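Enquirer: Start from the sequences and build out the full structure, keeping to the hints where you can.
Protein sequence lines correspond, in order, to chains A and B.
Per this note's numbering, residue 1 is the first one in the first sequence, and the count goes up by one each step.
Per this note's numbering, residue 1 is the first one in the second sequence, and the count goes up by one each step.
Everything labelled a hint here was simulated from the structure, so no lab data went into it.
Treat each hint with caution, since some may be false.
Identical chains share a label here; the pair holds if one copy fits it or two copies do between them.
Okay, derived cross-link-like pairs now, DSS-like style, lysine-lysine, Cα gap no bigger than 25 Å in a straight line [claimed, not checked]:
{"hint": "1", "residue 1": "154", "residue 2": "220"}
{"hint": "2", "residue 1": "91", "residue 2": "44"}
{"hint": "3", "residue 1": "67", "residue 2": "44"}
{"hint": "4", "residue 1": "67", "residue 2": "91"}
{"hint": "5", "residue 1": "224", "residue 2": "155"}
{"hint": "6", "residue 1": "224", "residue 2": "67"}
{"hint": "7", "residue 1": "154", "residue 2": "222"}
{"hint": "8", "residue 1": "67", "residue 2": "218"}
{"hint": "9", "residue 1": "215", "residue 2": "155"}
{"hint": "10", "residue 1": "218", "residue 2": "91"}
{"hint": "11", "residue 1": "44", "residue 2": "154"}
{"hint": "12", "residue 1": "84", "residue 2": "44"}
{"hint": "13", "residue 1": "91", "residue 2": "160"}
{"hint": "14", "residue 1": "51", "residue 2": "218"}
{"hint": "15", "residue 1": "160", "residue 2": "222"}
{"hint": "16", "residue 1": "56", "residue 2": "220"}
{"hint": "17", "residue 1": "215", "residue 2": "154"}
Computed from a predicted model, the values in this text were never measured in an experiment.
2 protein chains.
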Amino acid sequence: MDKQQAENSRRKFLTASGQAMAGIALASTVIGSGVREAEAYGYKTGFEYVKLDPAKVAQTTYENYFKRWCASSVVAGFLEYLQKNPGGQWKDLPIDAMRWAHGGLAGWGALCGTLTGAGTVIGLATNDTDIAEAMVNDLAFYYAYTELPSFQPKKVLKSKLSDMTIAGTPVCHISVGRWMRAADETFLSDARAERCARLAANIAQETAIMLNAWKEGKFKAKHKVLYNVIANGITSQHNCRDCHGNNVPAAETYISLDK
Amino acid sequence: MDKQQAENSRRKFLTASGQAMAGIALASTVIGSGVREAEAYGYKTGFEYVKLDPAKVAQTTYENYFKRWCASSVVAGFLEYLQKNPGGQWKDLPIDAMRWAHGGLAGWGALCGTLTGAGTVIGLATNDTDIAEAMVNDLAFYYAYTELPSFQPKKVLKSKLSDMTIAGTPVCHISVGRWMRAADETFLSDARAERCARLAANIAQETAIMLNAWKEGKFKAKHKVLYNVIANGITSQHNCRDCHGNNVPAAETYISLDK
Chain A
1 MDKQQAENSR RKFLTASGQA MAGIALASTV IGSGVREAEA YGYKTGFEYV KLDPAKVAQT
61 TYENYFKRWC ASSVVAGFLE YLQKNPGGQW KDLPIDAMRW AHGGLAGWGA LCGTLTGAGT
121 VIGLATNDTD IAEAMVNDLA FYYAYTELPS FQPKKVLKSK LSDMTIAGTP VCHISVGRWM
181 RAADETFLSD ARAERCARLA ANIAQETAIM LNAWKEGKFK AKHKVLYNVI ANGITSQHNC
241 RDCHGNNVPA AETYISLDK
Chain B
1 MDKQQAENSR RKFLTASGQA MAGIALASTV IGSGVREAEA YGYKTGFEYV KLDPAKVAQT
61 TYENYFKRWC ASSVVAGFLE YLQKNPGGQW KDLPIDAMRW AHGGLAGWGA LCGTLTGAGT
121 VIGLATNDTD IAEAMVNDLA FYYAYTELPS FQPKKVLKSK LSDMTIAGTP VCHISVGRWM
181 RAADETFLSD ARAERCARLA ANIAQETAIM LNAWKEGKFK AKHKVLYNVI ANGITSQHNC
241 RDCHGNNVPA AETYISLDK
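Expert: Quick look at the structure:
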């Protein structure tokens, strides 16, 4: 996209997603006084995005999962196509450079690696911090508040699957744990691996849909960003009592799943 | 690094860090049966790392924070030097491509963005999934179990600072929250911004120290990886009761910090 196209896209976005932008502007102005402030800004990227078939991206992500796990399988879902067309700088990006993000950082259970993988593609393909952040924010809402995984592979590679759950959060440990409880499956089961593979496919597909819309100048943020931190006094989701309440199960109920 | 150097480095690493490797091998074998398994493997990268001065990387990270926030400021700490020498593919990487990861993904409070930024550099610079994962794992241990921030800037850009805390986790929301309670500061205070800027500098510095050691063929993993999931039955830290216990404060005590 040339400079004029980029500016047109930016203006369309600014017009279309006033709600999200209000949040971003707020965050930019309240962070502190003095020095340089963290306002939204455009940036140059040579990683040119071309519209992809979301269903193909999803299927390729799914097929990569059992080798690459969550983060790099999403990257692979895009790079298998982008490295061929348009090629360019995508060809220099190692698909496995983000594999470390699996399991919420090598098993620490923090941010689900599918979102790290998707965010990497989004950040490279887009050219403005407000666009990238609005997009990963919408993706986190999709991840957290949609019954997943709904992706149906062409051929099942690991296990049949029937349970879908609402994670309520992009945090790996909680997302996986809630699914394990619903499905009565252990972490090391084929079904759990299948669930994360299909979830990765869903995230990759949703990302491709958003990037395609952006490429057409039609991306609109669906949600306000969370970091206009008025409600909680700290950067966070707005569901405090999921953790700071009496509804968090005792550790033993989880440990018992390790049959 | 040429192929022979890479293989020498790999063998040294495999010899030196048998403990970490045992964990990785375990994870590779127990994940499931059939299809392709997620074993560790080498990968090609053209992002050549050259040894950097960790103190300079830290200072540059700190100075970038107030524009770029946590994730991209760590990336900037490295790229300000690597884009000049050795240049090459580092010049094509947009420093702000990972800015979306701030605040644990645009404010969702999951994985601290400093680790996403550092992991991106590590994943691009190294060439083997076991090396990158051992390195981010050690980095997460450093982040979680060191009193931070200890970094002292050449010139204070935002606020004086005296409180250091042990996060106990790489999760942004908890890490920031524990520091806010100890320091009796709000999220929007200059002191909190200064804390995260200095923390980013610490993480960048530790990353540079590890990458320098790896470049010399001397990197040794200090900790076993967490995803040999024997204890908890799920990919996670091993401190279940930090959340699944009676010691999680009620939401109201946090909300009251939003003065």
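Enquirer: If any of the earlier hints don't hold here, list their numbers in rising order.
Expert: Going through the list in order, the structure violates hints 1, 5, 7, 8, 9, 10, 11, 13, 15, 17 and respects the others.
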